[in-house]
Amino acid sequence: MKAKLQIQRGEPGAPLHVEAFEIDFEAGQSVLDGLRAVRQSADPTLAFRYACINANACKECMMLIDGKVDYACTVKLKEGETVLKPLPKKALVRDLVTEIAPPDERLFPTNAK
Amino acid sequence: MHLETDVLVIGAGGAGMYAALEAARAGAQVILADRSLIGRGGATVMAQMTVAAALGEQTPDSWEFHLADTLAAGRGLCDERLSAMLCREGPARIREMDAWKVGWARHDGHITQIHAPGHDRARCVYVDVLSTGPAVSRTLRTQLNLASGIRRIGDLAIVDIVLRDGQACGAVAVHLSTGQIVTLAAKSVVIATGGLTRLYRRNSASFNMGGDGYALALRAGAQLIDMEFVQFFPIGHLAPRLVGMDPIMWDPFRYKLGGKLLNGEMREFEDDYASADARNDGTYVLTRDRATYAISKEVEAGRGSPAGGAYLSFQHVPESELRRSFGPVIDKLAANGIDLTRQLVEVAPIAHYHMGGIRVDEDMLSTIPGLYACGEAIGGANGANRLSGNAITEAFVFGARAGQTAAAHALANASHWSDEAAATTVGMLRAADKRDTPNLSVAVTDLQALMADKVGPFRTDEKLREALVEIDRMSSELGATPPSTGESFDPLLIDWLDLRNMLQVAKAVATPALARTESRGAHQREDHPGLEEAWTLNQIITLDGADIALERSAPLSQKAHA
Numbered sequence: 002m003k004a005k006l007q008i009q010r011g012e013p014g015a016p017l018h019v020e021a022f023e024i025d026f027e028a029g030q031s032v033l034d035g036l037r038a039v040r041q042s043a044d045p046t047l048a049f050r051y052a053c054i055n056a057n058a059c060k061e062c063m064m065l066i067d068g069k070v071d072y073a074c075t076v077k078l079k080e081g082e083t084v085l086k087p088l089p090k091k092a093l094v095r096d097l098v099t100e101i102a103p104p105d106e107r108l109f110p111t112n113a114k
Numbered sequence: 102m103h104l105e106t107d108v109l110v111i112g113a114g115g116a117g118m119y120a121a122l123e124a125a126r127a128g129a130q131v132i133l134a135d136r137s138l139i140g141r142g143g144a145t146v147m148a149q150m151t152v153a154a155a156l157g158e159q160t161p162d163s164w165e166f167h168l169a170d171t172l173a174a175g176r177g178l179c180d181e182r183l184s185a186m187l188c189r190e191g192p193a194r195i196r197e198m199d200a201w202k203v204g205w206a207r208h209d210g211h212i213t214q215i216h217a218p219g220h221d222r223a224r225c226v227y228v229d230v231l232s233t234g235p236a237v238s239r240t241l242r243t244q245l246n247l248a249s250g251i252r253r254i255g256d257l258a259i260v261d262i263v264l265r266d267g268q269a270c271g272a273v274a275v276h277l278s279t280g281q282i283v284t285l286a287a288k289s290v291v292i293a294t295g296g297l298t299r300l301y302r303r304n305s306a307s308f309n310m311g312g313d314g315y316a317l318a319l320r321a322g323a324q325l326i327d328m329e330f331v332q333f334f335p336i337g338h339l340a341p342r343l344v345g346m347d348p349i350m351w352d353p354f355r356y357k358l359g360g361k362l363l364n365g366e367m368r369e370f371e372d373d374y375a376s377a378d379a380r381n382d383g384t385y386v387l388t389r390d391r392a393t394y395a396i397s398k399e400v401e402a403g404r405g406s407p408a409g410g411a412y413l414s415f416q417h418v419p420e421s422e423l424r425r426s427f428g429p430v431i432d433k434l435a436a437n438g439i440d441l442t443r444q445l446v447e448v449a450p451i452a453h454y455h456m457g458g459i460r461v462d463e464d465m466l467s468t469i470p471g472l473y474a475c476g477e478a479i480g481g482a483n484g485a486n487r488l489s490g491n492a493i494t495e496a497f498v499f500g501a502r503a504g505q506t507a508a509a510h511a512l513a514n515a516s517h518w519s520d521e522a523a524a525t526t527v528g529m530l531r532a533a534d535k536r537d538t539p540n541l542s543v544a545v546t547d548l549q550a551l552m553a554d555k556v557g558p559f560r561t562d563e564k565l566r567e568a569l570v571e572i573d574r575m576s577s578e579l580g581a582t583p584p585s586t587g588e589s590f591d592p593l594l595i596d597w598l599d600l601r602n603m604l605q606v607a608k609a610v611a612t613p614a615l616a617r618t619e620s621r622g623a624h625q626r627e628d629h630p631g632l633e634e635a636w637t638l639n640q641i642i643t644l645d646g647a648d649i650a651l652e653r654s655a656p657l658s659q660k661a662h663a
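Order-wise, the sequence lines are chains A and B. Residue numbers for the first sequence follow the numbering used here, beginning at 2 and rising by one. Residue numbers for the second sequence follow the numbering used here, beginning at 102 and rising by one.
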């Protein structure tokens with residue numbers, strides 16, 4: 002099966018753009034699996050956040066998946082197009098990475114950057 | 102950017118959070134840094150269930166019985182001073198966590214304790230079947246919020262410990278979300294970065310468990326101990342793809358319901374590998390190490406399951422009993438499209454825990470003044486094999502101790518920081534350039550495959566030598582200067598820094614594994630089967646240029662240092 006990931010790329014301050022990546026996948030694989038596959042097969046500069054990979058324990062891989070806030074590790078890949086964007090209400094860091102830490106757990110506590 | 106503190110704690114899992122709390126309690130200013138978010142990355146948050154401590158709530162117990170089980174599991178290699186501390190001080194930490202409302206499961210007015218394999222009695226507490234780790238993390242995060250004197254900084258990847266006159270005086274870091282280089286002056290540094298299971302293709306690790314702390318300690322000149330002992334868990338989940346669950350989740354269910362292991366020919370094979378002298382773990386035919394061996398051998402013989410493991414079947418268990426035993430897990434499985442009444446799952450051995458680590462004394466002090474370590478990052482307490490339930494307990498006990506001693510050292514000493522001492526690492530990071538490199542995320546995968554195939558649970562002289570040659574080749578290919586996208590949250594830089602550590606740690610595992618010509622605990626040599634009395638020795642390693650220097654010493658007993 003093939004999935005086409007439409008991914009918003011870029012940093013704040015520069016024009017954002019969407020890049021499409023096509024990947025092969027097996028039933029049951031997650032969007033996070035797909036993103037990791039993109040880094041391996043196409044573009045290692047793609048930035049996204051995750052720690053625990055499988056367990057849905059770290060809660061770091063939250064993003065906007067087809068317009069809905071969700072975890073990349075629990076949403077399954079599907080055939081056809083999936084649109085991935087960073088969380089809309091958090092400060093953008095780069096690509097799919099946003100500033101999600103509580104303010105007092107940041108190096109720069111008062112603003113995102 | 103430059104920051105100053107009394108105590109720098111690297112890693113915000115169970116051990117690091119406990120260290121920060123205790124250091125602050127002792128009056129020190131603390132920076133708690135993690136490359137991920139505070140209390141989210143690492144192994145603690147993923148812990149599934151059991152935490153061992155001789156509370157005697159369920160059945161009379163003494164820490165000395167727990168110690169006897171820990172030492173038996175460690176097959177003669179434990180640093181008994183550390184094992185004894187773990188078992189002696191564990192109950193107080195479990196009760197402290199209880200007072201902090203972690204929510205240990207209770208029954209009839211007492212904390213419930215269950216009997217886990219390798220223990221002589223019911224000793225392991227838990228919160229609920231699958232979420233002990235998240236509860237522990239949440240509880241410690243709450244305490245961090247309440248404490249004063251602790252600055253928490255996420256997205257901060259420590260690159261090197263800084264040494265001046267042979268003493269740790271701080272660290273150099275990269276702030277991931279801005280790309281800024283950060284220098285940290287600290288009177289004491291505590292490494293609490295967890296283990297190295299990400300070195301293997303199949304693992305129960307999180308992304309940041311690539312052995313960072315071992316590499317930091319090696320480059321700082323510290324000694325590591327028992328690095329050849331990597332614990333593999335025999336029936337990690339392999340297929341179909343299962344998300345939202347810890348991959349080691351099958352164990353309690355297999356234990357409770359007698360799940361059957363089948364090979365690719367749908368035949369039960371455990372009896373083929375059972376030997377008369379093999380210890381039997383309760384309702385299992387095979388102990389963990391024998392089960393790992395049996396599955397690996399079936400796969401090697403071409404009788405593996407399609408994904409390269411074995412089938413695990415619960416089809417003989419009535420649906421109502423499955424529902425009762427698995428509880429809400431059945432629904433999580435259904436969400437993954439898995440129905441145990443009509444289908445098999447595939448399982449395979451996965452890297453789960455590292456027994457080896459930084460060599461410390463009873464103060465959690467490494468062989469470098471000012472450099473402390475705790476949790477899975479240290480070696481010695483678990484010898485050649487870890488008893489189930491000891492990992493979270495050691496995170497608490499050793500974390501707390503490291504926090505106390507690091508704070509005492511910091512409060513008695515002036516800062517040793519010098520910018521010149523940090524210059525080499527800062528220079529390396531500044532030199533990071535935009536250039537074409539091979540895809541380093543692929544190189545990480547290659548290294549994981551190499552480690553699984555050549556430095557996995559079953560080793561030979563030939564495979565280990567091949568691994569060492571390949572590790573050296575990959576290291577020279579990696580080079581001395583990191584690549585960079587020049588942007589924030591730079592995955593190229595992260596991959597390079599990870600590989601720098603992972604390759605060093607891979608060599609630190611393979612080298613003592615090659616030297617140990619016997620089989621003991623988690624280190625199994627196919628060309629040297631059986632335990633050799635003469636090898637009741639710890640191997641201690643240091644970095645010697647690009648090479649690993651090895652020495653041996655007899656395990657430390659409690660008495661020698663009482």
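For the record, the hints were derived by calculation from the structure and aren't laboratory data. Bear in mind that the values here come from a model prediction, so they are computed numbers and not experimental data. Incorrect hints may have been included.
Claimed, not checked - According to the in silico footprint, chain B covers these stretches of chain A (three or more CB under 8 Å from chain B):
id	region
1	17-31
2	80-90
Unchecked claim - With a cut-off of at most 25 Å between alpha-carbon atoms, the simulated DSS-like pairs for lysine-lysine come out as follows:
id	chain 1	residue 1	chain 2	residue 2
3	B	K433	A	K69
4	A	K77	A	K91
5	A	K79	A	K69
6	A	K3	A	K90
7	B	K535	B	K433
8	B	K398	A	K60
9	A	K77	B	K202
10	B	K357	A	K60
11	A	K86	A	K60
12	A	K90	A	K60
13	A	K86	A	K5
14	A	K91	A	K60
15	B	K398	B	K361
16	A	K86	A	K3
17	A	K79	B	K433
We put the CB at the ideal spot given by N, CA and C, even for glycine.
Quick rundown of the hints versus the structure:
Under the rule that three or more residues need a Cβ within less than 8 Å of chain B, the assignment of the region 17-31 of chain A holds, with 5 such residues. Judged by the Cβ-Cβ criterion of 8 Å, the region 80-90 of chain A is not covered by chain B as claimed, because only 0 of its residues qualify and three are needed. Pair hint K433/B plus K69/A holds up; C-alpha atoms about 21 Å apart against a cutoff of 25 Å. Restraint check for K77/A and K91/A: satisfied, since their Cα atoms lie roughly 24 Å apart, inside the 25 Å limit.
Distance check on the hinted pair: K79/A and K69/A sit about 15 Å apart at the alpha-carbon level, within 25 Å; holds. With a CA separation close to 31 Å, the supplied pair K3/A and K90/A exceeds the 25 Å bound. With a C-alpha separation of about 44 Å, the suggested pairing of K535/B with K433/B is violated against the 25 Å cut-off. Distance restraint check for K398/B and K60/A: the Cα-Cα separation of roughly 37 Å exceeds the 25 Å cut-off, and the hinted pair is therefore not satisfied.
Distance hint between K77/A and K202/B is unfulfilled; the C-alpha atoms sit about 35 Å from each other, more than 25 Å. Restraint check: the Cα-Cα separation between K357/B and K60/A comes to about 30 Å, which exceeds 25 Å; the hinted pair is violated. Our distance criterion of 25 Å between C-alpha atoms is met by K86/A and K60/A, whose separation comes to about 17 Å. Straight-line distance between C-alpha atoms of K90/A and K60/A comes to about 16 Å, which keeps the hinted pair within the 25 Å bound.
Taken as a hint, the K86/A and K5/A pair is honoured in the structure, with Cα atoms around 14 Å apart against an allowance of 25 Å. For the given pair, K91/A sits about 15 Å from K60/A by alpha-carbon distance, which is consistent with the 25 Å threshold. With a C-alpha separation of about 17 Å, the suggested pair K398/B and K361/B falls inside the 25 Å cut-off, and the hint holds. At most 25 Å may separate the alpha-carbon atoms for a hinted pair to count; K86/A and K3/A meet this at roughly 20 Å.
Distance restraint check for K79/A and K433/B: the Cα-Cα separation of roughly 19 Å lies within the 25 Å cut-off, and the hinted pair is therefore satisfied.
Hint violations for this structure: numbers 2, 6, 7, 8, 9, 10, all remaining hints satisfied.
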